[in-house]
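Protein chains in written order, with the numbering used here: chain R, 1 to 111; chain G, 1 to 114.
Everything labelled a hint here was simulated from the structure, so no lab data went into it.
Careful, some of the hints might be misleading.
Computed far set for chain R versus chain G, every beta-carbon distance over 12 Å [said to hold, decoys possible]:
(1) Pro8
(2) Ser12
(3) Ala17
(4) Asn27
(5) Asn55
(6) Arg60
(7) Ser69
(8) Ser73
(9) Pro81
Derived pair list, reagent style BS3-like, types lysine-lysine, alpha-carbon separation capped at 25 Å [to be verified]:
(10) G:Lys102 x G:Lys40
(11) R:Lys2 x G:Lys53
(12) G:Lys102 x G:Lys18
(13) G:Lys22 x G:Lys53
(14) G:Lys9 x R:Lys2
(15) R:Lys42 x G:Lys9
(16) R:Lys42 x G:Lys102
(17) R:Lys70 x G:Lys41
(18) R:Lys67 x G:Lys102
(19) R:Lys70 x G:Lys102
(20) G:Lys38 x G:Lys22
(21) R:Lys42 x G:Lys41
(22) R:Lys42 x G:Lys22
(23) G:Lys19 x R:Lys42
(24) R:Lys70 x R:Lys2
(25) R:Lys42 x G:Lys38
(26) G:Lys102 x R:Lys56
(27) G:Lys40 x R:Lys42
(28) G:Lys9 x G:Lys40
(29) R:Lys67 x R:Lys2
(30) G:Lys22 x G:Lys40
(31) G:Lys41 x R:Lys2
(32) G:Lys102 x G:Lys9
(33) G:Lys9 x G:Lys38
(34) R:Lys2 x G:Lys40
Interface residues of chain R toward chain G, partial, derived using beta-carbon atoms under 7 Å [stated by the list, open to error]:
(35) Lys42
(36) Pro44
(37) Leu46
(38) Leu88
Even glycine gets a Cβ: it sits at the ideal position worked out from N, Cα and C.
One-letter residues, chain by chain:
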Amino acid sequence: QKEVEQDPGPLSVPEGAIVSLNCTYSNSAFQYFMWYRQYSRKGPELLMYTYSSGNKEDGRFTAQVDKSSKYISLFIRDSQPSDSATYLCAMSDNYGQNFVFGPGTRLSVLP
Amino acid sequence: DTEVTQTPKHLVMGMTNKKSLKCEQHMGHRAMYWYKQKAKKPPELMFVYSYEKLSINESVPSRFSPECPNSSLLNLHLHALQPEDSALYLCASSQVPGLDEKLFFGSGTQLSVL
Numbered sequence: 001q002k003e004v005e006q007d008p009g010p011l012s013v014p015e016g017a018i019v020s021l022n023c024t025y026s027n028s029a030f031q032y033f034m035w036y037r038q039y040s041r042k043g044p045e046l047l048m049y050t051y052s053s054g055n056k057e058d059g060r061f062t063a064q065v066d067k068s069s070k071y072i073s074l075f076i077r078d079s080q081p082s083d084s085a086t087y088l089c090a091m092s093d094n095y096g097q098n099f100v101f102g103p104g105t106r107l108s109v110l111p
Numbered sequence: 001d002t003e004v005t006q007t008p009k010h011l012v013m014g015m016t017n018k019k020s021l022k023c024e025q026h027m028g029h030r031a032m033y034w035y036k037q038k039a040k041k042p043p044e045l046m047f048v049y050s051y052e053k054l055s056i057n058e059s060v061p062s063r064f065s066p067e068c069p070n071s072s073l074l075n076l077h078l079h080a081l082q083p084e085d086s087a088l089y090l091c092a093s094s095q096v097p098g099l100d101e102k103l104f105f106g107s108g109t110q111l112s113v114l
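Chain G on its own, in the form it takes in the complex:
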């Protein structure tokens, strides 16, 4: 299994809603990542989990809250988002944090904030 699975594929939410994005991989990878991608731009790193611990937080607003329940799962909890947060949210994993940057990406969640 070489897939990173993300759900949901699409999400529309209001600014007062609370929602969660989910990501799962069964490749035994020990690093998992959240990226945000705006149209016609490269992915921007948000968070990195290494061995289930948050190792990098790229100054992301607190309305985004990551969670890594175990080595296979990664969640991104969303609360009180702004319209400018509308983007494609990508989850990725890699085998060993910092030593192997071969990132495997999921298909993403297309988020629209109204």
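So that you can see chain R by itself, here it is in the shape it has in the complex:
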């Protein structure tokens, strides 16, 4: 079993749709959860950063963490073509010694 699993996609949605991206993990020591967005031929950009369980909202983006289920989600409301990118979940333990990326989900938002 991989430490972090993520549906690789590609996921194609029409403009304006609500997008749900998900990761599952196996290491119960993970405490910090992140979502990165990566455009083609660019470096990843930090979108959302959460600690432990709960929700965090930033504009059209909402990150959810359910530690009891070892499951994290990123929701994108009113998706735009500019949201087309690869989304990588990432997580680390309390000591920052074990930082892991998920495999990434490719998202295409069609005009």
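Dock chain G against the given chain R, drawing on the hints supplied.
Only chain G this time, still in chain R's reference frame:
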């Protein structure tokens, strides 16, 4: 300034060449990282420098040699690379090693080894 700057953006080299990748940040971050990313794969950690000292080397072949001349600069020296080393090489920084994993990435160097 919230940027991590990497040069060059593209690099083509032969297997006998020696080249260097450069990375610079002026955010006062004390941890700097090299990652390697193959197409459609997540970044893979190569090296971590904490307070200008090499703290993590993920069993990277010796043909890759990192250097951290000061807290703002990070280099990756390349020698006798193989075609399978062709990838996007990403530099990243974070504020405090081990306590803050908010990584800031550069745009990367797309390396092709012929």
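*Take the C-alpha atoms of Lys102 of chain G and Lys56 of chain R, compute the straight-line distance between them, and say whether it is at most 25 Å.*
holds, 16 Å
*Measure nothing beyond the straight line between the CA atoms of Lys41 of chain G and Lys2 of chain R; if it is 25 Å or shorter, mark the hint as holding.*
Roughly 14 Å separates the two Cα atoms, so the pair holds.
_Check whether the Cα positions of Lys70 of chain R and Lys102 of chain G lie no farther apart than 25 Å._
holds, 21 Å
*Under the criterion that the straight-line Cα-Cα distance not exceed 25 Å, is the pair Lys42 of chain R, Lys38 of chain G satisfied?*
Since the Cα atoms of Lys42 of chain R and Lys38 of chain G sit roughly 13 Å apart, the hinted pair holds (cutoff 25 Å).
*Going straight from one Cα to the other, do Lys42 of chain R and Lys22 of chain G come out at no more than 25 Å?*
With Cα atoms ~16 Å apart, Lys42 of chain R and Lys22 of chain G stay inside 25 Å; holds.
*asked:* With the threshold set at 25 Å, check whether the alpha-carbon distance from Lys42 of chain R to Lys9 of chain G stays at or below it.
replied: Answer holds: Lys42 of chain R to Lys9 of chain G is near 10 Å, not above 25 Å.
_Check whether the Cα positions of Lys102 of chain G and Lys40 of chain G lie no farther apart than 25 Å._
holds, 22 Å
*Beyond 12 Å from every chain G Cβ: check whether that's true for Ser73 of chain R.*
holds, 18 Å
*asked:* Next pair to validate is Lys38 of chain G with Lys22 of chain G; report whether the Cα-Cα distance is within 25 Å.
replied: Distance ~19 Å between Lys38 of chain G and Lys22 of chain G Cα, so the pair holds.
*Exclusion check [Ser69 of chain R not at the chain G interface, CB over 12 Å]*: holds, 22 Å
*Evaluate the condition: distance from the CB of Ala17 of chain R to the nearest CB of chain G exceeds 12 Å.*
Non-interface label on Ala17 of chain R holds, nearest chain G Cβ at 23 Å vs cutoff 12 Å.
*Outside-interface status for Pro81 of chain R - nearest CB in chain G farther than 12 Å*: holds, 21 Å
In summary, the numbered hints that this structure violates are 1, 11, 12, 14.
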